[in-house]
Each structure stands twice: as structure tokens, then as C-alpha cells.
Amino acid sequence: MTLKTVVNNVAEMPASKKAVVDINKLSLTFQTADGPVYALSDVDLTIEEGDFVSFIGPSGCGKTTLLRVIADLEQATGGEISINGVTPHEAREKRAYGYVFQAPALLPWRSIERNVTLPLEIMEISKEERVRRAQEALKLVELNGFEKKFPWQLSGGMQQRASIARALSFDADLLLMDEPFGALDEIVRDHLNEQLLKLWARTNKTVAFVTHSIPEAVYLSSKIVVMSPRPGRIIDVIETDFPKDRTLDIRETPEFLEIAHRVREGLRAGHSNDE
Amino acid sequence: MMSGQTGPVCVVLIALLVLWYVGAVFMNAPTQIDRYERADQAWTTGQLIEDTLAQDRPILPAPHQVAVEMYKTIFAIKITSKRSLVYHSWVTLSSTLLGFGIGTLLGVLLAVGIVHVMTLEKSLMPWVISSQTIPILAIAPMIIVVLGAIGIKGLVPKAVISTYLCFFPVTISMVKGLRSPQVIQLDLMRTYNASKWQTFWQLRLPSAMPYLFASLKVAIAISLVGAIVGELPTGAQAGLGARLLAGSYYGQTIQIWSALLTAAFVAAILVVIVGWCERRVLARMGVKS
Numbered sequence: 456m457t458l459k460t461v462v463n464n465v466a467e468m469p470a471s472k473k474a475v476v477d478i479n480k481l482s483l484t485f486q487t488a489d490g491p492v493y494a495l496s497d498v499d500l501t502i503e504e505g506d507f508v509s510f511i512g513p514s515g516c517g518k519t520t521l522l523r524v525i526a527d528l529e530q531a532t533g534g535e536i537s538i539n540g541v542t543p544h545e546a547r548e549k550r551a552y553g554y555v556f557q558a559p560a561l562l563p564w565r566s567i568e569r570n571v572t573l574p575l576e577i578m579e580i581s582k583e584e585r586v587r588r589a590q591e592a593l594k595l596v597e598l599n600g601f602e603k604k605f606p607w608q609l610s611g612g613m614q615q616r617a618s619i620a621r622a623l624s625f626d627a628d629l630l631l632m633d634e635p636f637g638a639l640d641e642i643v644r645d646h647l648n649e650q651l652l653k654l655w656a657r658t659n660k661t662v663a664f665v666t667h668s669i670p671e672a673v674y675l676s677s678k679i680v681v682m683s684p685r686p687g688r689i690i691d692v693i694e695t696d697f698p699k700d701r702t703l704d705i706r707e708t709p710e711f712l713e714i715a716h717r718v719r720e721g722l723r724a725g726h727s728n729d730e
Numbered sequence: 003m004m005s006g007q008t009g010p011v012c013v014v015l016i017a018l019l020v021l022w023y024v025g026a027v028f029m030n031a032p033t034q035i036d037r038y039e040r041a042d043q044a045w046t047t048g049q050l051i052e053d054t055l056a057q058d059r060p061i062l063p064a065p066h067q068v069a070v071e072m073y074k075t076i077f078a079i080k081i082t083s084k085r086s087l088v089y090h091s092w093v094t095l096s097s098t099l100l101g102f103g104i105g106t107l108l109g110v111l112l113a114v115g116i117v118h119v120m121t122l123e124k125s126l127m128p129w130v131i132s133s134q135t136i137p138i139l140a141i142a143p144m145i146i147v148v149l150g151a152i153g154i155k156g157l158v159p160k161a162v163i164s165t166y167l168c169f170f171p172v173t174i175s176m177v178k179g180l181r182s183p184q185v186i187q188l189d190l191m192r193t194y195n196a197s198k199w200q201t202f203w204q205l206r207l208p209s210a211m212p213y214l215f216a217s218l219k220v221a222i223a224i225s226l227v228g229a230i231v232g233e234l235p236t237g238a239q240a241g242l243g244a245r246l247l248a249g250s251y252y253g254q255t256i257q258i259w260s261a262l263l264t265a266a267f268v269a270a271i272l273v274v275i276v277g278w279c280e281r282r283v284l285a286r287m288g289v290k291s
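Quick note, the sequences are listed as chains A and B, same order. If you count by my numbering, then the first sequence holds residues 456 to 730, one letter each, in order. If you count by my numbering, then the second sequence holds residues 3 to 291, one letter each, in order.
Just so you know, the hints here were simulated from the structure itself, not pulled from any lab data. Possibly wrong hints are sitting among the right ones.
Stated by the list, open to error - With a Cα cut of at most 25 Å, we get these calculated PhoX-like pairs of lysine-lysine:
| no. | chain 1 | residue 1 | chain 2 | residue 2 |
| --- | --- | --- | --- | --- |
| 1 | B | K155 | B | K84 |
| 2 | A | K473 | A | K699 |
| 3 | A | K549 | A | K582 |
| 4 | A | K549 | B | K198 |
| 5 | B | K198 | A | K582 |
With the hints as extra help, turn the sequences into a complete structure.
Spelled out as C-alpha cells, the structure:
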């Protein structure tokens with residue numbers, strides 16, 4: 456091979472993306488009164504920088520548990536996991552991720568602005584900087600003008616948007632979202648899905664998203680991880696390559712339906728172990 | 003909001019007054035009839051009713067008798083006089099407030115310790131609860147005598163009794179309040195790697211405010227009871243409890259009742275003040291009004 460060919464070959468190689476989350480043979484067994492529960496069993500997964508990874512599966516398949524292990528809210532009982540090259544505990548100490556729960560979990564005695572600045576207060580960031588970042592975060596989720604309102608004055612969808620703004624306010628590169636739109640109606644959900652996608656395209660964050668809605672998973676993700684329960688494991692990993700500026704109309708295209716079909720097959724395969 | 007409550011409260015008050023008048027007539031009737039018979043006087047029911055409501059030392063004073071006595075000893079007398087109910091109220095109130103302040107502080111500190119330190123919960127809680135099983139009427143004289151023996155007299159022993167009574171509801175409520183945050187909120191603080199102090203200040207303490215104010219209303223009323231009980235053993239020098247005692251020594255039932263009603267009014271005013279503070283604080287914390 457001449458030098459010219461080698462250089463050409465190197466130029467054609469895709470730039471290797473940094474692995475943000477690296478999971479190797481991860482297991483989590485809960486010891487309960489009526490025997491062990493295998494919440495996660497031998498999970499292997501890599502989440503690369505800039506990925507939007509959805510975890511989908513029936514209840515009890517371990518998708519929320521997996522997200523919580525990444526967030527260091529649960530500890531694995533076997534295998535290895537590293538976030539940005541360090542343990543989940545160290546990643547949590549460095550505040551490497553923002554977490555969005557199923558419920559908004561806003562503190563009811565704080566205004567929306569002060570809720571969004573809560574993590575910034577804990578990180579002891581100065582007041583002017585806090586206000587500036589809160590403004591930016593609220594602009595990203597289109598909640599400007601609601602800074603002084605209290606959570607009870609906002610609808611469920613708006614509260615969840617405020618919760619997302621809070622997770623974005625301290626500019627962590629990793630966003631962990633646990634069925635954030637599960638409690639909302641379909642119209643609000645569609646709108647928030649679009650908003651989240653635009654946000655992801657603009658900020659280039661790495662997102663791990665748990666859902667039990669197949670259209671949502673296929674619409675939002677660059678990678679879909681299909682899981683099944685008892686024991687919790689990964690059945691299938693599907694890569695998608697929809698354009699980043701896609702709209703909701705894409706949900707009626709054949710490519711979309713094909714991937715949705717593949718997800719559905721994976722879910723059915725996982726479920727058949729029950730019967 | 004008080005609107006809508008004044009009507010029913012007035013109706014109940016009027017009903018109570020009617021019952022009181024009827025009760026006064028019935029309870030004072032035997033002694034009155036006795037008096038008629040000893041003076042060989044003929045009497046009618048109308049006269050009986052009139053006389054039972056105007057006795058010098060009735061068994062049950064009529065409301066207007068108590069009202070007149072209260073007016074005489076609150077408004078128509080110098081505050082510095084030893085017979086002024088304002089002076090006596092202040093004596094009782096000062097030890098109530100001191101005891102309330104120390105008791106609340108002690109209750110909050112105990113609760114913070116119990117919630118954050120495992121060993122404190124197991125070692126302190128049983129003692130906190132059993133401290134309240136001892137009757138206060140038994141312990142009050144002991145506290146006064148012991149403290150008097152080391153030279154502490156007057157305000158402080160009574161405040162100690164008030165503290166003893168009111169730290170308990172504050173402790174119990176605060177422990178519940180500090181433990182009231184939901185798991186999801188505690189998880190949220192974990193994801194920010196918040197320290198225990200930050201979690202306490204930002205989450206636990208604000209969550210505990212409604213519980214704290216509920217217990218403060220109980221605490222301030224019971225603190226007043228403690229102050230009055232503390233005045234009984236010392237031989238009736240000053241304070242509403244002292245007036246109660248003096249009245250019972252000399253058979254001055256009207257005096258007893260006026261001191262009693264004054265104590266009730268003072269307690270009501272204190273609870274209303276705590277309620278007002280509660281509304282202000284909770285409004286600032288964005289609670290739906």
C-alpha cells in the first residue's frame with residue numbers, strides 16, 4: 456500500500472465518537488422477602504456522545520432501573536459501568552448529568568425561576584449567573600414570562616417543561632429522562648416531543664430516554680434499545696438515521712413504520728417468555 | 003379566611019350564654035332558697051331568678067357579673083395595681099412567651115437531631131415520649147422547689163414548666179415534617195449531589211413548615227397552661243393562676259371566673275397571632291390561599 460492510499464483510507468474513516476456511557480455485563484438483583492428479583496441481567500450497551508437513546512419495554516423490564524443505575528440512584532450488584540470514564544458515583548459528584556423524573560418534582564414553595572436555579576444554588580453559583588442561566592433554560596423550553604409563577608399555577612405539561620429547564624440549567628452533557636411525558640395527553644406530548652427534538656439538535660447533548668410509547672421512541676431516537684422483563688435484559692438495539700430536522704409527519708412514512716414494526720417484534724419476543 | 007365563620011360562631015356563643023344563665027339560676031337556687039327560708043321571706047320565681055343572678059358569692063356567677071368584674075379589674079383600674087388583671091395577665095404571659103420560645107427552639111433542635119442521627123432517634127424518642135407521661139401538677143411543685151433551692155425564683159421556674167410542656171408537640175410535629183419530603187424530591191437532591199445540610203435547608207425545613215405551625219398553636223396554648231400551673235404552688239403571689247388560687251381561698255367565685263375567662267381570652271389571642279404568622283409565612287412560600 457502506498458502512503459497516499461493509507462492517507463486516503465484514514466481520511467475516509469468515520470470520526471470515532473466518545474463513549475459517554477459504557478456498560479459491561481451489568482446485573483442488578485434485588486433481594487426481596489419472596490426471593491431474588493433479577494431487575495437487570497447481563498446488560499451490554501454503549502451510549503456515544505450526541506446519541507439520543509430510547510429505552511423501551513413493558514413495565515418491569517428494568518428500563519427505569521438501568522437509568523437509575525447510570526444516575527447512581529441504584530447500585531449494580533454485578534458487572535461494570537462507567538460514565539465519561541469514571542464511576543457513576545464520581546459522575547454524580549461532578550454533576551455530569553441532568554435527571555428528569557416521571558413527575559415534575561418541582562418544589563411547591565419556590566417560584567418557577569427559583570426551581571430552575573435550585574441546582575445552581577446547590578453548586579454555589581453567583582446570583583447574577585443563576586438568573587442568566589435560568590432565563591436561557593426557560594427560553595429553551597418556551598416558558599419565558601412564567602418565572603414568578605408558582606408550580607400550582609402551571610399545567611402539567613408546563614410543569615414538566617420547567618422540570619426539563621431545571622435539568623438543562625447547569626449545562627450537563629448528559630440528560631437522563633424517565634418517561635417525562637408519560638402523564639400528559641397526546642397533543643401536549645406531540646408538542647413536547649417536537650420541542651425536545653429541536654432542543655437536542657440545538658444543544659447536541661447525549662440523551663437517555665425511557666418510554667413505553669413506540670411512536671415516541673422511534674420518532675425521537677438515534678438508537679432504540681428494546682428491553683424485556685424477568686430477567687431485565689436487552690432484546691434488540693436498533694439504529695435509526697432519520698434527519699435531525701424531522702417533523703411529526705415522518706410518523707407516516709414507510710421507513711418509520713418499518714422500524715416501529717421491528718420494535719414491536721422485539722417487544723413481543725420478550726413477552727413470549729412469560730407464556 | 004374568617005368570612006362565613008362569624009355567623010356560626012355567634013350562634014354558638016349566644017347558645018352558650020343562654021345555657022350559662024340557665025345554669026346560674028339552677029346552681030344558685032338552693033342557697034338562695036335557703037336564705038329566703040332563714041329570713042322567713044316569701045318568694046316568687048321571678049324574684050328567685052333576679053336574686054340568683056346577683057349574689058355576692060354565687061356558686062356559678064352570672065355572665066354579666068363576671069363581665070362587670072372583668073371591666074373593673076382590666077379597664078377601670080391602674081395597670082400597676084396588684085388587683086389589675088392586666089398586670090396579672092402580663093406576669094403569666096411573660097413566662098408563657100419565654101417558655102414557648104425556649105420550648106420551640108428545643109423541640110426544633112431535638113427534631114433535627116432525631117432525623118439526621120440514627121442513634122439519637124433510638125435513644126431520645128423514648129425519653130421524649132415518656133417525659134410527658136408524668137402529670138404536670140406533680141412535677142410543677144418539684145421544679146419550683148428545686149430551682150428555688152438554688153436561688154432561681156420568679157419567672158424562670160414557671161418558664162421551665164412551660165418549656166417542659168410545649169417542647170413535646172413541637173418535637174413530634176417537626177420530626178414528621180422533616181421526614182415529609184417525597185422520595186422523588188430526595189432523589190432529586192441526590193442527583194445534584196447536595197450535602198445533608200443543603201437537603202435540610204432547601205427541602206426538609208420548608209416541607210416541615212405546615213407541621214411546625216400546627217404544633218405551635220398547640221404549644222402556645224399549653225405553654226399558658228404550664229405558666230398558670232406554675233403559679234399555683236408558690237402560694238399565690240402574682241399572675242392569673244395566683245388570682246385563681248386567691249379567689250378560691252377567699253370564696254370569691256366571681257374573681258375566679260373573671261381570671262379564668264381572661265386566661266381563656268389570652269390563650270385565644272395567642273393562638274390567633276400564631277395563625278396570622280402562619281398565613282403570612284405560607285403565603286410567602288407560595289401556598290394556594
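Against the structure, the hints:
Restraint check for K155 (chain B) and K84 (chain B): satisfied, since their Cα atoms lie roughly 19 Å apart, inside the 25 Å limit. For the given pair, K473 (chain A) sits about 20 Å from K699 (chain A) by alpha-carbon distance, which is consistent with the 25 Å threshold. Annotation: proposed proximity of K549 (chain A) to K582 (chain A) holds, straight-line Cα distance about 21 Å (limit 25 Å). Between K549 (chain A) and K198 (chain B) the alpha-carbon distance is near 17 Å, which keeps this suggested pair within the 25 Å criterion.
Between K198 (chain B) and K582 (chain A) the alpha-carbon distance is near 22 Å, which keeps this suggested pair within the 25 Å criterion.
Consistency note: the structure conflicts with none of the earlier hints.
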